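Mind docking chain B on chain R? Use the hints.
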Amino acid sequence: MNVKTFFTSTAVIFSLATSAVLAAPHWTHEEQNEWGAISDDTQTIAPLMYPYAECSIGQHQSPVDLAGESNAKQLNTLQTQYVTDKSDFYNSGHAVQVNTSVGYKGQLKIGNDLYPLIQYHFHAPSEHVIGKKTFPAELHFVHIREDGRMAVVGVLLQKGAANATIQTILDNVSPNAAEHNPDTGIEINPNTLLPHNASFFYTYAGSLTTPPCSEGVSWYVLAKPVTVSDAQLSQLKALYSDNTRLPQNLNGRVVTGKINK
Amino acid sequence: MSRLPVFLRLNVLLLYKKQEHIMMTQKIIFALGLSLSLSCLAAPPAADPVNGNQSTPPSSQATDNSKDNQQQTAEKKPSMAEYCKEHTC
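Protein sequences, first through last, are from chains R and B. In our numbering, each residue carries its 1-based index in the first sequence increased by 280. In our numbering, each residue carries its 1-based index in the second sequence increased by 19.
Keep in mind the hints are simulated off the structure, nothing from the lab. The structure presented is a predicted model; accordingly, all values stated were derived computationally and were not measured. Hints may contain errors.
Said to hold, decoys possible - Facing chain B, from chain R, some residues (calculated, C-beta under 10 Å): (1) Pro-396; (2) Ile-398; (3) His-401; (4) Ile-424; (5) Leu-488; (6) Thr-489; (7) Pro-492; (8) Asn-523.
Unchecked claim - Label pairs and their calculated CB-CB ranges: (9) Met-329(R) <-> Met-43(B): 24 to 30 Å; (10) Lys-36(B) <-> Ala-317(R): 41 to 47 Å; (11) Pro-455(R) <-> Met-43(B): 55 to 61 Å; (12) Ser-98(B) <-> His-476(R): 53 to 59 Å; (13) Met-43(B) <-> Ser-319(R): 29 to 35 Å; (14) Asn-392(R) <-> Glu-101(B): 23 to 29 Å; (15) Thr-324(R) <-> Glu-39(B): 22 to 28 Å; (16) Glu-310(R) <-> Phe-49(B): 36 to 42 Å; (17) Arg-533(R) <-> Phe-49(B): 32 to 38 Å; (18) Gln-38(B) <-> Ser-319(R): 34 to 40 Å; (19) Ser-98(B) <-> Lys-353(R): 35 to 41 Å; (20) Pro-475(R) <-> Glu-101(B): 29 to 35 Å.
The beta-carbon is built from N, C-alpha and C at its ideal position, and this holds for glycine as well.
For reference, chain R alone in the conformation it holds in the complex (with noise of 0.2 Å):
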């Protein structure tokens, strides 16, 4: 046995692993009580036939309820650092979502960690609650680190003044699925997305709240609400409506909040 043949071994390998992350097998919010069950059928290696099992078995999964968390005498200081973009509209199939540019430079900073700001996209109504409280809709900020460390924002949304970003992705995003609109030249400031004290927050050790509901999230959910119009409301909802994932077990994790009640 050569090197030759351990990197040509190992290689394949790899690429088979690669391959089965980002050739996913279809999912719908539907049947989101299986989504751990999906099978690639392309696969033949036991856990990469299941991609989506965290889903199922993963014990720190997302959604949660926020209700009766605890303020933390020391937590992180949370910093959008977030500057203008000439965006891609993108209808996921599974979200109305917008895309950054390559070399976008907007991030978010966590103590002394930046998170470079991938994508944002929409859920109606909301995968967070509080209480039981459901709002209209909410908004997550993904941020992905180059080591693949993953932080997201959660913004609550509800019912009140029109945002006009809003209304500008709702404009320009496609009403087929799996399509881009990355040409229009328009320049969004995710900023204008947040509320105006972005300080107070929830945050907690949670998923993705999609297959493959990989974990390891930090999570960070603004404490105050966007508001958003009826009008928008129905329009986002003519595009996606119940794309949110139910909210799932703490499972022994503590959420801690830098709340102003």
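For chain B alone, coordinates are given in the frame of chain R:
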């Protein structure tokens, strides 16, 4: 086998040992490959939201090299980032 001449018996023994060695090497390579693949798939632990970021590995500390980190991020997006741009995650 006891009736075979000594040199033939030695040859058979050497062949058996060689085969065993090859099989063991193959098993080790398979185990290494599998563990590498699984470690690529597995997500890293979440940062401790309380009391700082002690769980951060030294290589990923974004302190005084934030500009370098930004440039690296812009040039090389991780595969999970690619996945999250194509799928809602």
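Exercise for review: For the hint on Thr-489(R), just tell me whether its beta-carbon gets within less than 10 Å of chain B.
Suggested key: holds (8 Å)
Review point. Regarding Ser-98(B) and Lys-353(R), is the given constraint of 35 to 41 Å on their beta-carbon distance met?
Key: Holds - the Cβ-Cβ distance for Ser-98(B) and Lys-353(R), about 38 Å, lies within 35 to 41 Å.
Review point. Going by Cβ atoms only, is Ile-398(R) closer than 10 Å to chain B?
Key: Holds, about 5 Å.
**Study point:** Range hint compliance [Cβ, Met-329(R) to Met-43(B), 24 to 30 Å]
**Key:** holds (27 Å)
Check your understanding: Would you say the C-beta atoms of Pro-455(R) and Met-43(B) sit inside 55 to 61 Å of each other?
Key -> holds (58 Å)
Review point. In this structure, is the beta-carbon distance linking Ser-98(B) and His-476(R) contained in 53 to 59 Å?
Key: violated (36 Å)
Review point. Taking the CB of Glu-310(R) and the CB of Phe-49(B), does the distance hold inside 36 to 42 Å?
Key: holds (39 Å)
Exercise for review: Could you tell me whether the CB distance from Gln-38(B) to Ser-319(R) stays inside 34 to 40 Å?
Suggested key: holds (36 Å)
Check your understanding: Is the gap between the beta carbons of Met-43(B) and Ser-319(R) within 29 to 35 Å?
Key -> Distance hint for Met-43(B), Ser-319(R) holds at roughly 32 Å.
Check your understanding: Hey, does the Asn-523(R) contact hint survive, CB to chain B under 10 Å?
Key -> Result: holds, 8 Å to nearest chain B Cβ.
Check your understanding: Regarding the hint that Leu-488(R) lies at the interface with chain B, is the smallest CB-CB distance below 10 Å?
Key -> For Leu-488(R), the interface hint holds, since the closest Cβ of chain B sits about 5 Å away, which is under 10 Å.
Review point. Hey, does the His-401(R) contact hint survive, CB to chain B under 10 Å?
Key: holds (5 Å)
Figure legend: structure checked against the earlier numbered hints; the only hint not met is number 12.
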